[in-house]
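Undergrad: Using the sequences plus the hints, can you model the full thing?
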Amino acid sequence: MKTPFYSRYIIIALICGLLGAGIVIQMVRINYTPFAQDLIAKSEDYQGVRKTIYPPRGTIYDRKGNILATNQIGYEVGIDLKYVVDPESIAFAASTLLEELDYLDVFASASTEKRAEENRYYVLSSFVSKENVEELELLKENYANRRLETKSIKPSLSGLVWSPMQQRVYPEGTLAANVLGFYNYFSRENAQGVFGVEEAYNRLLTGKPQTVFLPNDPYLVEPLPDIEPGASLVLTIDRDIQNMLEETLEQALAWSGGEGGTIIVADPKTGEILGMASTPFFNPNQYWKYQETFPGITPYNRAVGTAYEPGSVFKVITMAAALDSGVADLDSTYNDASGVYWVANSWPIYNWNYGAWGVQNMTECMQYSLNVCLVYVAIDLLGEDLFYEYLQAFGFGRSTGIDLASEANFPLRLPENNQWMSLDLATNSFGQGIAVTPIQMVAAISAIANDGKMMTPHVVRSVVDKGQQYNVSPQVINTPISEQTARDMTEMLAYSLEEEASVALVEGYRVSGKTGTGDIPTELGYTSNLTNASFVGWGPTDDPQFVVYVWIEKPTISPWGSEVAAPVFRDVVEQLVVLMRIPPDDIRIQLAIE
Amino acid sequence: MKNRILQAYKQAPWRIQIQWIGLFLLGLVLIASITGVYLSVSAQAAASGRKIQSLERQINTINNEIAELTSDLATARSVDRMKSRAQALGYVPLDPHQAVYLEIPGYDPLADLVLAPPRVNIIVESPSVLSSYRRSLWDWLVQNIWQTPSLSLQPEGEVMP
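Residue numbers (the numbering used here), protein chains in the order written: chain A, 1 to 594; chain B, 1 to 161.
Take these hints with a grain of salt, some might be off.
Straight line, CA to CA, 30 Å or less: simulated DSBU-like cross-link-like pairs of lysine-lysine [unchecked claim]:
no.: 1; chain 1: B; residue 1: Lys51; chain 2: A; residue 2: Lys82
no.: 2; chain 1: A; residue 1: Lys466; chain 2: A; residue 2: Lys208
no.: 3; chain 1: A; residue 1: Lys64; chain 2: B; residue 2: Lys83
No lab work stands behind these hints: they were computed from the structure. Given the structure is predicted, the values throughout are model-derived calculations rather than measurements.
TA: Okay, here's the thing in structure tokens:
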């Protein structure tokens, strides 16, 4: 039975139903409008924040476990406009405690008029020290107490916020900076390793950053994913040897008046670099001062980044090639009757003292460093094909593959190149007209000190990643000469040092070595009086455990490698044997017999 | 006769009313119980969420402290600091000619530094949540009631090849 108001009920029901349907249709329609995505994005702002978590950068250790690079806490100080009450106090506090900030700049950033803008957070300073942040914290508390007393809203540092973040630190300061490189951490998103190990192993050290959503709603909170820290590296560098090399190099430059220099110590059996000092010294903790320390094209690490004409140290390679190929032996002689060698009847080559040395055997040619003799060996005995074949076998003309960034390489000028002349063969034989890096020389000489096997030079010994340690295995690059040739060369160069009573000799230890004095080319030719003084040596002669390469650039006290670089070699070896725990030869041999 | 029987079973109106009221109250209690359980679980979930956030912050703080202490330690052990401390204690650099060498069996000054176990192939199990927490009631029923545990046919002490 229908009530008198039945039709009215129906009408009201219809109206309500239509309203409901209208709302539903509108809801669906809004979801498909162009503004829907904006609305969804805006709603996400209220749901939480999306944050990129950067894993801590890996630690770098020396071979004994001393930390060379790690991370410490720095603070990012910023302004969150949403909470700013008193811009004047914020500007005063920030500009007083954080030196690099200007009152007016901070005041402008803290201006509450900007609140309506979308970007309501401004970074004032990155990597503020813990001490400065503690002072800010104290000031904030003082202001809060004062407000309670005066019952006012000012002074207030509300809106001045800080958050901790890790920054790169090099606890040893300048030590091994040329090997380590640096990490430019100021810009978090674009931070990367620059030079040295930091650049060469940047991806491993960095790890994998992850972007996560941090919800405001506690129901949606989930544990953060496990983010593995970047891999850590154990270097072949020995901190004590490195320190000794840097001190010795500094003293050598002060004494010799040299413009720059490099000293490398390597283990010839493995190719491990035990120490690599190079000027100028640089503190990577203040990497932003890079341009001040390395103006213009100054190389970051001369040991790998600079090619130069090495001079007579290169004669070791020429002589090794001659002995190994069999075109000469230890008893072969050369009659230096005139003290000059005419190359293609056009270019004269003289000895270092312009003298004629008469009949000399190969050992004496090396002992007295006779250019004329070595030119004879290269042109008349070896010939261009064999000579350059050996040079390439020793790795000249290509990178050594050392695991450091920015390795330089100067291509060899070979007979098949148009610009090559027979004069090149002559000058190359005694280390002129050819540019090599110190690390190329070390790698090549390592073959002679390691029974003919040339090892890949490297500075990373182990990688520690995800709780596991991966040790780097030594790699043989090539075997340019035989074991016998290597031993003959070692004996020859030990004997020649002893006969010459060289200042490079080390009491109690028999060492092999060769001096080098390289003329420096200018635009007008070899017109400069300045030279590159070098010395390469290895020992102990019967069981070589180290190769030491010394290069002093443009010394003013004397142009000769025998007077500038040889004593530096001796100083290095005298300290090196203690640090490497190598007893004097007599004690070592006696211990071996027992 | 039929009418009489129907008459005998007809409920009194007040009884019907009480039954309806009872049913309504039962529903109400049920809804209240569900709501109570839901609120309790939600509150616990929210509290857990907040605890997770707090623990994450603690982890972050601890990691920062570890980094700070590590860098402090490294600085305290740096060459310069160690040298000045050694000098203050009266030590001098060793003169190589005064060095006394002793042979220590097994000592290798160039031995590898071990910071972590060597690389091995490890199968890492994902998060240590017990399997009992990952299966549904249905899985449990299937596993424990409807599937008869298989009986071992292997006689005791006998080793299968």
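Undergrad: Are the hints correct? Go through all of them and say.
TA: Results of checking the hints against the structure:
1. B/Lys51 <-> A/Lys82: Holds, because 26 Å separates the two Cα atoms, which is no more than 30 Å.
2. A/Lys466 <-> A/Lys208: holds (12 Å)
3. A/Lys64 <-> B/Lys83: Distance ~17 Å between A/Lys64 and B/Lys83 Cα, so the pair holds.
Of the numbered hints stated above, none is contradicted by the structure.
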